[in-house]
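The residues making up each chain are set out below.
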Amino acid sequence: MSEQEFGKKIVGVLDAGAHETMKQSTLYRLQSARLAALEQCQYESESSKVIHSGNGYSVFGKHGGNLDGGKLLLLATILFVLMNLIYLQFWDNDKYSAIDAMILADDLPIDAYIDNEFEQWLDID
Amino acid sequence: MIETEKRAFKQAFFAVHDEHIALDIVQDAMMKLTAKYASKPIEELPLLFQRILQNTIRDYYRRQKIRSLWTSLFSSFAPSDQDKNPEDFDILETLHVAQESNAPDTQLEQAQLMALIEKSMEILPPRQREAFLLRYWEELSLAETAEIMGCSEGSVKTHCSRAVHTLAAILKAKGVKL
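Residue numbers (our numbering), protein chains in the order written: chain A, 1 to 125; chain B, 126 to 303.
Check the hints yourself; a few may be wrong.
[Unchecked claim] List time: in silico DSSO-like cross-link candidates among lysine-lysine, alpha-carbon distance up to 27 angstroms:
hint: 1; chain 1: A; residue 1: K23; chain 2: B; residue 2: K282
hint: 2; chain 1: A; residue 1: K8; chain 2: B; residue 2: K244
hint: 3; chain 1: B; residue 1: K282; chain 2: A; residue 2: K9
hint: 4; chain 1: A; residue 1: K23; chain 2: B; residue 2: K157
hint: 5; chain 1: A; residue 1: K8; chain 2: B; residue 2: K190
hint: 6; chain 1: A; residue 1: K23; chain 2: A; residue 2: K9
hint: 7; chain 1: B; residue 1: K157; chain 2: A; residue 2: K9
hint: 8; chain 1: A; residue 1: K8; chain 2: B; residue 2: K165
hint: 9; chain 1: B; residue 1: K190; chain 2: A; residue 2: K9
hint: 10; chain 1: B; residue 1: K244; chain 2: B; residue 2: K161
hint: 11; chain 1: A; residue 1: K9; chain 2: B; residue 2: K131
hint: 12; chain 1: B; residue 1: K131; chain 2: A; residue 2: K8
hint: 13; chain 1: A; residue 1: K71; chain 2: B; residue 2: K161
hint: 14; chain 1: B; residue 1: K244; chain 2: A; residue 2: K9
hint: 15; chain 1: B; residue 1: K165; chain 2: A; residue 2: K23
hint: 16; chain 1: B; residue 1: K131; chain 2: B; residue 2: K165
hint: 17; chain 1: B; residue 1: K244; chain 2: B; residue 2: K165
hint: 18; chain 1: B; residue 1: K190; chain 2: B; residue 2: K165
hint: 19; chain 1: A; residue 1: K8; chain 2: B; residue 2: K282
hint: 20; chain 1: B; residue 1: K131; chain 2: B; residue 2: K157
hint: 21; chain 1: B; residue 1: K131; chain 2: B; residue 2: K282
hint: 22; chain 1: B; residue 1: K282; chain 2: B; residue 2: K297
hint: 23; chain 1: B; residue 1: K190; chain 2: B; residue 2: K244
hint: 24; chain 1: B; residue 1: K165; chain 2: A; residue 2: K9
hint: 25; chain 1: A; residue 1: K71; chain 2: B; residue 2: K299
hint: 26; chain 1: A; residue 1: K8; chain 2: B; residue 2: K161
hint: 27; chain 1: B; residue 1: K161; chain 2: B; residue 2: K302
hint: 28; chain 1: B; residue 1: K299; chain 2: B; residue 2: K282
To be clear, the hints were calculated from the coordinates, so they are not data collected in a lab.
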């Protein structure tokens, strides 16, 4: 007997097994899985019709239901951190640019002249 | 679809040896098919479904492998059989099928033969079983089977041939003639 013939005979037995020995509960679960898949298929096609008609076309190309609480929270956290970083960056720039301007304009505050830290430092040496 | 789902369930069951997990795999594959490929032409769907099904079974194997890796890391240092090649065992040693010899009833003989072949399918090495079922049960071409399995057509032929020889050896050892 060739490999092909042998394979086909085995498959014949497997086919019979799939038809005869399948439990009713298994068949029921398979049926409900198929129905759920078909339902999803129908839902997908209907929602795509709505999307392509121009109504409800969201930024993400799908439906807005994708933005759940967790994602929103993550987005808010990232935005908060970014805003803080930007604020600190500008605040530092402002501080240094003010000091630079004062030095360049030779307009140092009076504290700079009455500060005796330099003399103290000389005394220590 | 009804016929396909029965065969798909059997394929998954031979691979994972658990009815509930096999059902989950089939359901998962069906949902993925309709979610991603609902718009594809109907004649392409059987092949796509087979590809998704085999990938889902492989994903299950991968998850099991990772799980068993973690389990073995936390378990004692006792020697385990994890390193053993899945193909390095004698199939006849591990095969246990309830048999009542000299049963006069043809129906009983047929049921025993079914049980024997299904058990043999379960213990075939995964790649051999996959190749055999896709080629003979799903009647896919060599090229289609190779595409689904992600290997060359030559490898598919080798896997199929080995599967046939293994099955023939099991049946011969049990005194069954097809």
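Against the structure, the hints come out as follows:
Under the criterion of a C-alpha separation no larger than 27 angstroms, the hint pairing K23/A with K282/B is inconsistent with the structure, at around 34 angstroms. Proximity of K8/A to K244/B is assessed by CA-CA distance (about 17 angstroms); at most 27 angstroms being required, the pair is judged to hold. Proximity of K282/B to K9/A is assessed by CA-CA distance (about 18 angstroms); at most 27 angstroms being required, the pair is judged to hold. The hinted pair formed by K23/A and K157/B meets the criterion: a straight-line CA distance of about 25 angstroms does not exceed 27 angstroms.
Among the hinted pairs, K8/A with K190/B is inconsistent with the structure: their alpha-carbon atoms are about 33 angstroms apart, more than 27 angstroms. A threshold of 27 angstroms between alpha carbons decides the hint, and for K23/A with K9/A the separation of about 23 angstroms falls inside it, so the pair holds. For the hint pairing K157/B with K9/A, the CA-to-CA distance comes to about 32 angstroms; that exceeds 27 angstroms, so the pair is violated. Of the supplied pair hints, the one linking K8/A and K165/B is violated, its CA atoms being roughly 30 angstroms apart against a limit of 27 angstroms.
For the hint linking K190/B to K9/A, the alpha-carbon distance of about 34 angstroms lies beyond 27 angstroms, and the restraint is violated. In summary, the hint linking K244/B to K161/B is not supported, as the alpha carbons are separated by about 34 angstroms, beyond the 27 angstroms threshold. A threshold of 27 angstroms between alpha carbons decides the hint, and for K9/A with K131/B the separation of about 18 angstroms falls inside it, so the pair holds. Annotation: proposed proximity of K131/B to K8/A holds, straight-line Cα distance about 18 angstroms (limit 27 angstroms).
Distance check on the hinted pair: K71/A and K161/B sit about 23 angstroms apart at the alpha-carbon level, within 27 angstroms; holds. The straight-line distance between the Cα atoms of K244/B and K9/A is roughly 16 angstroms, inside the 27 angstroms bound, and the hint therefore holds. At roughly 32 angstroms between alpha-carbon atoms, K165/B and K23/A are farther apart than 27 angstroms, so this suggested pair is violated. A distance of roughly 22 angstroms separates the Cα atoms of K131/B and K165/B; the hinted pair therefore holds under the 27 angstroms criterion.
For the hint linking K244/B to K165/B, the alpha-carbon distance of about 36 angstroms lies beyond 27 angstroms, and the restraint is violated. For the hint pairing K190/B with K165/B, the CA-to-CA distance comes to about 34 angstroms; that exceeds 27 angstroms, so the pair is violated. Annotation: proposed proximity of K8/A to K282/B holds, straight-line Cα distance about 15 angstroms (limit 27 angstroms). Using a Cα cut-off of 27 angstroms, the hinted pair K131/B and K157/B holds, with the two alpha carbons roughly 17 angstroms apart.
Of the pairs offered as hints, the one joining K131/B and K282/B holds, with about 25 angstroms between alpha carbons and a cut-off of 27 angstroms not exceeded. In summary, the hint linking K282/B to K297/B is supported, as the alpha carbons are separated by about 22 angstroms, within the 27 angstroms threshold. Proposed proximity of K190/B and K244/B is supported: the alpha carbons are some 23 angstroms apart, at most 27 angstroms. Restraint check for K165/B and K9/A: not satisfied, since their Cα atoms lie roughly 33 angstroms apart, outside the 27 angstroms limit.
With a C-alpha separation of about 59 angstroms, the suggested pair K71/A and K299/B falls outside the 27 angstroms cut-off, and the hint is violated. Among the hinted pairs, K8/A with K161/B is inconsistent with the structure: their alpha-carbon atoms are about 33 angstroms apart, more than 27 angstroms. Between K161/B and K302/B the CA atoms are separated by roughly 45 angstroms; this puts the pair beyond 27 angstroms, and the hint is violated. Of the supplied pair hints, the one linking K299/B and K282/B holds, its CA atoms being roughly 26 angstroms apart against a limit of 27 angstroms.
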